[in-house]
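Participant: Next come the chains, spelled out residue by residue.
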Amino acid sequence: MKKPLFSLDPRVRIICLAVSLTFVLSTFFPHAFWKFGLFLLCLLAVFYLISPKSARSLRNFLRLSLFLISLLFFLVAVTLIFSPENFRNRLVSSLDLTMKAFLVSVSIFVFILDGDFADLIKGFYLFHLPSGFLAMLTFAYRYFILLQEEFLSIFRARISRTIKRRPLLEEMKITGSILNQYFLRLFERGERIYAALLSREFQGRLDFLINFKLRKSDYLFLLLFSSVVAAIKFI
Amino acid sequence: MKRVALEVNHLSYTFPDGTLALRDISFSVKEGEKLMIIGPNGAGKSTLLLNFNGLLSGKGEVKIYGEPVTKKKLKKIRSQVGLVFQNPEDQLFMPKVMDDVAFGLFDRVANREEIESKVKKVLRDLGLESLAEKSPHQLSLGEKKKVSLATVLVLEPEILILDEPTSGIDPSCRRWLINYLEKTDRTTVVATHDLDLAWEVGQRMIIMDKGEILAQGTKEEILGNKDLLEQHGLEVPLLYFLEKFNARSG
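Same order as they appear, the protein sequences are chains S and Y.
In short: position in the first sequence from 1, add 380, done, that's this note's numbering.
In short: position in the second sequence from 1, add 32, done, that's this note's numbering.
Some hints here could point you the wrong way.
[To be verified] Chain S residues, not near chain Y, derived (Cβ > 10 Å throughout):
#1 S406
#2 R569
#3 K593
[To be verified] From the structure, some residues in chain S lie toward chain Y, with a derived Cβ separation under 10 Å:
#4 V484
#5 I492
#6 L493
#7 D496
#8 F497
#9 A498
#10 K502
#11 Y523
#12 I573
#13 A576
#14 E581
#15 F582
#16 D587
#17 L589
Note that these hints are calculated values from the structure, not bench results.
None of the values given here were measured: they were computed from a predicted structure.
Even for Gly, the Cβ is constructed at its ideal location relative to N, Cα and C.
Pulled out of the complex, with its shape left as it was, chain S reads as follows:
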């Protein structure tokens, strides 16, 4: 993975995300499409600066964009089909909703998902977010990948023992059994993880070692980004 042009402190990422969300949620885009366009360009510029620019990053960004554009078309179609008489009004509301969803998703992708999530959790920790929320995030991050691997291993076992397709009803029964096993495994794993937590005296609170500091460049980036967003909002 290449190093990004600009490394941001996780706290700055979180604040920038908050600024983005405030802007998006307080703006009615159909009355100012140019604000949508400008802010999107701004996010793309930030993405270029702070993304590790791996092929995976770009691929994820494109997938997200395609999904959101499809969602827009779907919403337009649904609006047209179900309320043709109020089509114009409903379309405007749907457009606003979709544009907001698009920008929120892109903001989350650029500032949260495209970075080191483990460091981001530490950023939330430094902002003194509730320890229950932090614990949830930490375990979700840690075990999401494990759950994927567990699912994949069951799936691989299934297909490596399948020579030909079975009737639909039988396939559904087998899939049901597999899901049953999957959830049983998850439950058992959960019990073992809890036992491991208890044996290391887990009291419900997680603490982290912090190995990053705010630099002048972080303050500068925050100031610049906030100024640009404010300019787009109020001009």
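Given the structure of chain S, go ahead and fit chain Y onto it with the hints provided.
Facilitator: Quick look at chain Y alone, frame taken from chain S:
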């Protein structure tokens, strides 16, 4: 005279579904001793280990340095007993290795610099410094096993308990672990069916099957007893034959 570090008296445990997992288990481990608990799959070895730090609670008594393992004393017991689970995926729950190793220290050490220095020391001692910033899912199984061990060792437990430590790891990692266990003077209890490990590291052995202790003794008495081992799904370790052959050839 060495103190008794771990004492088990007439311990029995039944699972919620009614399966009797442990039947009247009694033994003791002196300070600094290395005890190997061997037996086939389903013998009750892991279930027995979970009773040592109060994760399971059966009938009978378990004492750590003379203190019975009860709900009121769990905090103290768990600070004295370090348990390394068989599956490191269950043990490693923090997003980064250094946070996982530091986890248990936050309740004991107030100073963050001190926590950081203890973490760095343990990672250095186990050759894991380069993994400090990595996430557990980026590690190989052997690395995860070492990190699991680090998360327990950093707490400096008086008794180290390992559940199947060599399962699934490659020979070099296995050799590293054997060397580490041979060098340490901590009281160690290992549940394993790696009998070569038991032969190399163990001072005393317990053989279990179907929840019962079948025999206790020195490694020569237990691991040299071919009939006993074969009756319970085990084999005499290769190293036993090798040492006997070497001894005869002079």
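Participant: Now, for every hint given, state plainly whether the structure supports it.
Facilitator: Tested hints:
1. S406: For S406 of chain S, whose nearest Cβ neighbour in chain Y is about 33 Å away, the distance exceeds 10 Å, so it holds.
2. R569: 7 Å, violated
3. K593: Per Cβ check, K593 of chain S is outside 10 Å of chain Y; nearest 14 Å; holds.
4. V484: Where the cut-off is 10 Å and the nearest Cβ of chain Y is about 24 Å from V484 of chain S, the hint is violated.
5. I492: 14 Å, violated
6. L493: 14 Å, violated
7. D496: 9 Å, holds
8. F497: This hint holds: F497 of chain S lies near chain Y, its Cβ roughly 7 Å from the closest one there, short of 10 Å.
9. A498: At about 3 Å, which falls below the 10 Å cut-off, the nearest Cβ of chain Y leaves the hint on A498 of chain S intact, so it holds.
10. K502: Check passed: Cβ of K502 of chain S comes within 8 Å of chain Y, closer than 10 Å.
11. Y523: Hint holds; Y523 of chain S Cβ to chain Y Cβ min 8 Å, cut 10 Å.
12. I573: 5 Å, holds
13. A576: OK, holds: A576 of chain S within 10 Å of chain Y, min 5 Å.
14. E581: 5 Å, holds
15. F582: 8 Å, holds
16. D587: Check passed: Cβ of D587 of chain S comes within 4 Å of chain Y, closer than 10 Å.
17. L589: With Cβ-Cβ at 5 Å, under 10 Å, it holds.
Taken one by one, the earlier hints fail for this structure at numbers 2, 4, 5, 6, listed in ascending order.
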